[in-house]
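Number 692 in the numbering used here belongs to position 183 of the sequence shown; there are no gaps in the numbering.
Where hints are given, some of them may not hold.
Claimed, not checked - Below, in silico cross-link-like pairs of lysine-lysine (BS3-like), each with a Cα-Cα straight-line distance of 25 Å or less: (1) K603 with K715; (2) K681 with K651; (3) K651 with K585; (4) K683 with K728; (5) K681 with K603; (6) K789 with K681; (7) K683 with K651; (8) K683 with K585; (9) K683 with K603; (10) K715 with K681; (11) K789 with K715; (12) K789 with K728; (13) K728 with K681; (14) K681 with K585; (15) K603 with K789; (16) K681 with K701; (17) K715 with K728; (18) K603 with K585.
Claimed, not checked - Here are the computed distance ranges between Cβ atoms for each label pair: (19) E537 with S724: 24 to 34 Å; (20) D535 with V734: 37 to 47 Å; (21) S564 with S808: 34 to 44 Å; (22) N668 with G606: 20 to 30 Å; (23) K789 with R551: 14 to 24 Å; (24) D561 with Q746: 51 to 61 Å.
It is worth saying that the hints were derived from the structure and are not from the lab.
Only a predicted model underlies this, so the values are computations on that prediction, with no experimental measurement involved.
For each residue, glycine too, the CB sits at the ideal point set by N, CA and C.
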Amino acid sequence: MHSPFQNFFSHNQLILISEGLARNRDIEEFMDFFDRNQQFRRNNWVLITRSDPSSIMSLPGVTLSAPSQRIVNIIKQQDLSSFYPETRLGEFIKNLGCEGIDVFAAGIQIEPNEAEVREELARGSSENGSKEDQKTIGTLVKLGGTAVFRGSRLVGWLNERESRGLLWVRGKVKGGEITVPCNQEKTSGQDKSFSLEILRSSARIKPELSDGELSVTVKINADAVVHEIECMMEVDQPAFIRSLEEGLAGAIQVEVEAALAKAQQEYQSDIFGFGEALHKMNPALWGELRQEWPDIYRSLPVYLEVDARVTRTGLVTKPVQMGH
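Given the sequences, and given the hints that come with them, work out the whole structure.
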């Protein structure tokens, strides 16, 4: 970095790393700068850019002129969706130096704009807006997906559902909605479903060695409330509550299994920290297996135990329906 002035980074909130750099360079080579410099706060967000970082930072804003502040606002608004990880600099650097875990971070990119952004621009700008204003039309900065590293380099991406599957295992799902089919007959050619709002979650990773076979059991706890119901059922019936909880547990398991399949089979990246959990539980055993861990991890049996609870069903007991 060359500048005639002294650099000052204490105000910094974001660290953007391009996908090309993350794929072709060992990430610790340039993360050392952020780790060593006392001005960088450990709560900086780390994001991997699918688009050119300069194009993201130069995109004019409608309500905020500072690109970094716009991105921070996007992160805060989308944080509770749990479709991407909230990765801070301190955690990222710590995991880089840990054995048995690979790092990951949220992705950010420029996508085609939505109608509401066009409307917002029209309300906030004159018809003969500046050229900088016109650049905003047709583009939108969006967070989504998870950049997956194996060792020091980026190897691939998880989509939104796979990302939440990762966060379930890490115990970091803090909110969002999840939709579960009603398992009833279709009405008017449409599948009926119910929507649940996630309140909180926790997870525990437990490695187990039995008869010389290593496996991992992941225990996930999740609490949710009913957000919307299309099924023609009375929600105050115990049987219906049980079906809600079973459906929620099944939906969580589907998301986790999708993340496991992608990370274990395609990327061979231990973003879940199974190796780290084994290291903490049995350091001696980890010392024996650490060199072979990539091969062990690829075929490691993972068993899921999901305890899902629906704590509230709302103010009404019957869904809204047309009168006859």
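Against the structure, the hints come out as follows:
{"no.": "1", "hint": "K603 with K715", "result": "21 Å, holds"}
{"no.": "2", "hint": "K681 with K651", "result": "21 Å, holds"}
{"no.": "3", "hint": "K651 with K585", "result": "12 Å, holds"}
{"no.": "4", "hint": "K683 with K728", "result": "16 Å, holds"}
{"no.": "5", "hint": "K681 with K603", "result": "17 Å, holds"}
{"no.": "6", "hint": "K789 with K681", "result": "20 Å, holds"}
{"no.": "7", "hint": "K683 with K651", "result": "20 Å, holds"}
{"no.": "8", "hint": "K683 with K585", "result": "12 Å, holds"}
{"no.": "9", "hint": "K683 with K603", "result": "22 Å, holds"}
{"no.": "10", "hint": "K715 with K681", "result": "17 Å, holds"}
{"no.": "11", "hint": "K789 with K715", "result": "10 Å, holds"}
{"no.": "12", "hint": "K789 with K728", "result": "17 Å, holds"}
{"no.": "13", "hint": "K728 with K681", "result": "13 Å, holds"}
{"no.": "14", "hint": "K681 with K585", "result": "15 Å, holds"}
{"no.": "15", "hint": "K603 with K789", "result": "15 Å, holds"}
{"no.": "16", "hint": "K681 with K701", "result": "29 Å, violated"}
{"no.": "17", "hint": "K715 with K728", "result": "8 Å, holds"}
{"no.": "18", "hint": "K603 with K585", "result": "23 Å, holds"}
{"no.": "19", "hint": "E537 with S724: 24 to 34 Å", "result": "31 Å, holds"}
{"no.": "20", "hint": "D535 with V734: 37 to 47 Å", "result": "45 Å, holds"}
{"no.": "21", "hint": "S564 with S808: 34 to 44 Å", "result": "41 Å, holds"}
{"no.": "22", "hint": "N668 with G606: 20 to 30 Å", "result": "28 Å, holds"}
{"no.": "23", "hint": "K789 with R551: 14 to 24 Å", "result": "22 Å, holds"}
{"no.": "24", "hint": "D561 with Q746: 51 to 61 Å", "result": "55 Å, holds"}
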